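Peer 1: Using the sequences and the accompanying hints, generate a full structural model.
Per our numbering, residue 1 is the first one in the sequence shown, and the count goes up by one each step.
FYI, nobody ran anything at the bench for these hints, they're computed from the structure. As the structure is a prediction and not an experimental result, all values here were calculated from the model. One should not assume that every hint holds.
Said to hold, decoys possible - Now the in silico label distances, taken between C-beta atoms and shown as ranges:
{"no.": "1", "residue 1": "561", "residue 2": "357", "range": "51 to 61 Å"}
{"no.": "2", "residue 1": "30", "residue 2": "231", "range": "40 to 50 Å"}
{"no.": "3", "residue 1": "581", "residue 2": "495", "range": "37 to 47 Å"}
{"no.": "4", "residue 1": "283", "residue 2": "416", "range": "52 to 62 Å"}
We put the CB at the ideal spot given by N, CA and C, even for glycine.
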Amino acid sequence: MNKRESLGRGWLTAAAVGMLGAALYQATFVIAPVDHLYSDMRGYIERAWRLSLGVEVEAFDVFYPMGTAYAYALLFSSFGFARGLVAITGAQALAIAGNLVLAVLLAETLYRSRFAAVVALIGTFAYWPFAAQASFYLAEPFFSFLLLLSLLLTARGCGQPGRLTMLPLAAGLAAGAACLFKGQGLAVVAAEALALLLFSQQHRRFHTALYLLAAGFPILLQMGVNSLVLGEIAPFLAANDAYNAFLGQSRREGLGCMDLAANYFYVFHNNNAGLPFRFRSPIVLPVSILDRAYFQSELRELWRTAPFQQVIISLQNVVELFAVNPRWPLRNLGWTAPIEVNFQWVFVALTTVPSCYTLLDATRRRRFRLAVLLFAGPIALLALLCAVTMGQPRYLLPFQYLFVLLAAPFYVDLFRKRTVTIAEATPSKALAVATLVLLAAFLCASGTLLYRAIASTGTPARQSVASPIETKRPLMEVELGRERQLVTWRHGADHFQLELRGFDPHYTGLADPWALQADNGGWMRIDFPQPGAALEPREVRLYLTDTTPNIRTVAIETSEHRAIVETFAPGTWIAVPIDALSRKRGHITIQLRTFTGPGVQVARIAVYD
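Peer 2: Have a look at this one:
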């Protein structure tokens with residue numbers, strides 16, 4: 001073996017630490033993920049929190065892929081809700097850092113060039129949207145990690161002697177686990193299976209069969225879970241496949257479903273609707289989002305009545321997949337959208353165009369054919385999947401790592417860097433063993449949570465996390481929403497003032513039948529006597545109600561105080577301290593935001609000294 005020319009563990013460690021720091025900086029100082037919980041449409045977080053509590057799994061829980069909910073639920077079970085949100089951000093940052101390391105190792109393995117590894121490192125580190133993922137709660141960071149890990153194990157497996165059967169086994173398990181996070185992982189499974197069949201040095205059929213067996217294991221397990229939850233055979237990873245296909249092929253800007261039997265309404269807006277393309281107006285259908293047979297029949301009808309139009313729509317979906325635009329969810333943030341567009345244009349110029357050079361080189365000089373199959377194959381299959389469904393902008397983000405890797409040979413040839421045989425910085429056997437152990441632990445732990453939830457007969461009793469109310473007379477007390485009135489004063493009208501925004505009267509039907517509900521966040525300001533007066537308030541207490549069995553999580557924030565109420569039973573008092581600065585100013589502002597569950601309901605407000 002020639003002189004070692006890999007980047008080595010020192011460089012890999014430094015790169016990982018740098019990317020980890022960039023991701024944590026992004027989540028801490030640029031965009032705080034907890035401020036944009038909507039980024040997962042309140043799906044991953046809520047389902048994971050319910051799963052960690054052992055709440056019965058519902059049919060609607062399998063509408064989206066469950067892998068992200070499994071990962072989040074394990075962190076919630078270990079850290080609780082408030083700290084669990086921080087742990088999720090940290091885990092995503094670690095995954096983003098791991099993606100950089102895996103990209104570097106892939107470049108070394110397939111191109112046998114230290115300079116190619118440097119190109120992969122620079123391209124992955126400099127592309128800001130990769131680190132920006134840490135500011136949201138997404139499936140993409142974990143999916144990208146498993147995708148790149150599976151590709152690395154497959155590449156190592158194709159170059160190792162036939163006796164090392166552990167590599168295709170670990171690669172298949174990683175690819176199958178990636179499919180639990182995003183259905184687009186099936187494109188990776190197909191490309192890797194073909195690579196093992198064509199490029200394995202020995203026992204090609206055996207390695208391919210072993211890979212497919214390992215990849216199918218978590219996929220079949222999830223299908224079994226879906227079948228158990230839905231009470232019927234469910235040969236799919238998530239129940240939203242037919243819904244998404246109909247939404248994309250019908251070119252609707254949005255699709256709402258009203259399930260009259262379950263009294264459940266769901267609406268999803270096509271994320272491409274913000275792009276400069278024409279869409280048809282949104283519609284609402286009187287069906288359940290889980291009615292796959294209905295959406296499949298409507299999809300067949302579209303192709304039967306206008307096949308040529310559907311071909312054009314399919315091509316348009318592919319165009320939208322690769323179009324330069326702010327990637328979701330960053331496009332929802334006005335001040336970052338222009339930055340994202342600039343990064344997209346630079347990315348196209350420096351990676352997408354050079355990637356075409358690698359494809360042509362593989363055709364003319366038959367170089368790097370394995371790399372082209374492993375990198376370009378999943379991208380091509382992803383485009384095919386989007387053609388028959390919809391070209392969501394966020395679908396491409398995990399696969400943009402592959403564009404960086406495809407572009408590396410162009411820069412190697414441009415700067416005339418030699419290609420040599422290099423030593424592997426990470427032994428293949430150790431990597432395979434670590435992958436098998438970690439994924440086995442993940443699947444077992446997720447299965448334990450699922451078993452507890454599926455075996456549950458209902459929502460467990462929930463305990464209040466707030467301190468009980470004292471019997472002494474408050475300085476101020478008001479009832480909210482009574483007889484559809486916003487505020488009914490009981491004490492303190494002469495000394496206090498109350499201003500509310502974002503609340504509407506709501507009839508609860510409980511012992512305290514009236515409350516104010518804030519569906520999208522409520523804001524209240526309480527003005528009280530200045531310091532030195534006979535009345536010196538020290539604490540505000542909010543009487544929260546809960547009228548549904550759904551899990552509810554509320555953030556209560558002031559300028560100096562923040563509390564996340566994880567669960568509460570009907571009739572819970574939440575104490576909010578009045579800080580010295582607020583007492584000096586003579587008022588306190590309190591903001592309430594719902595993280596999971598229905599809108600927060602407040603029945604009474606009291607101020608104590």
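Peer 1: Between the beta carbons of residue 30 and residue 231, is the distance compatible with 40 to 50 Å?
Peer 2: 45 Å, holds
Peer 1: Note whether the CB distance of residue 283 and residue 416 lies within 52 to 62 Å or breaks it.
Peer 2: 58 Å, holds
Peer 1: Between the beta carbons of residue 561 and residue 357, is the distance compatible with 51 to 61 Å?
Peer 2: 57 Å, holds
Peer 1: A range of 37 to 47 Å was offered for this pair. Does it hold for the Cβ distance of residue 581 and residue 495?
Peer 2: 20 Å, violated
Hint 3 from the list above is the single one not met by this structure.
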